[in-house]
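Visitor: Sequence:
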Amino acid sequence: AGLLAAVLLPNWRQMRLYTFNKNERNVTVYTGLWIKCARFDGSRDCVIYDPQWYTAVDQLDLRVLQFALPLSMFTAVSALFLCMIGMCNTAFVSSVPNVKLAKCLVNSAGCHLVAGLLFLLACAICLTPSIWVIFYNNYLNRKYEPVFSFDISVFIAIASAGGLFFTSILLFLWYCAC
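In this text, residue positions in the sequence shown follow this note's numbering: the first is 3, and each later residue adds one.
A hint or two may mislead.
Pairwise CB distance ranges, derived in the manner of DEER restraints [unchecked claim]: (1) F69 to K145: 22 to 32 Å; (2) L10 to A126: 19 to 29 Å; (3) A179 to D43: 52 to 62 Å.
To be clear, the hints were calculated from the coordinates, so they are not data collected in a lab.
Cβ coordinates follow ideal geometry from the N, Cα and C atoms, glycine included.
Sequences and hints are given; from them, build the entire structure.
Guide: Here it is as structure tokens:
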């Protein structure tokens, strides 16, 4: 859920444009992975709303995130599905399998081990570009003016990666206990 929120929110990077004209208002441009929105200070409506912006992203960190976060979500959902198969197999199959059929049957402990590895992979796929956004923001502020700041989606993605890592550790501990 956290990864889905991080992908859909238009709050990856803010660019705050200041004006010294007292008759004009300052503008904040919110850059997401899929849309771009510009708002005046004190306004909740987008003055400029660009839903086709994702096709023309010119920032490498956001382009990598457009690929990495959905891939991380797919990996995490695959791990969750595999984990559910292992839990159902543990809960509903109590008999010892026949040795000849054991090659074809699903091993619940093996399902949890592979699911833990997939959760760890999803964590790495999500965490690396999310941390890169922080460093790239600092680079943009040094190269241009200090008008760039990262927004809530960065923190949501990093917290989601932490949750994926914690889940993988729990599954590894469960595997070792079994």
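Visitor: Each hint should be assessed against the structure and marked as holding or not.
Guide: Comparing the hints with the structure gives:
| no. | hint | result |
| --- | --- | --- |
| 1 | F69 to K145: 22 to 32 Å | 24 Å, holds |
| 2 | L10 to A126: 19 to 29 Å | 22 Å, holds |
| 3 | A179 to D43: 52 to 62 Å | 55 Å, holds |
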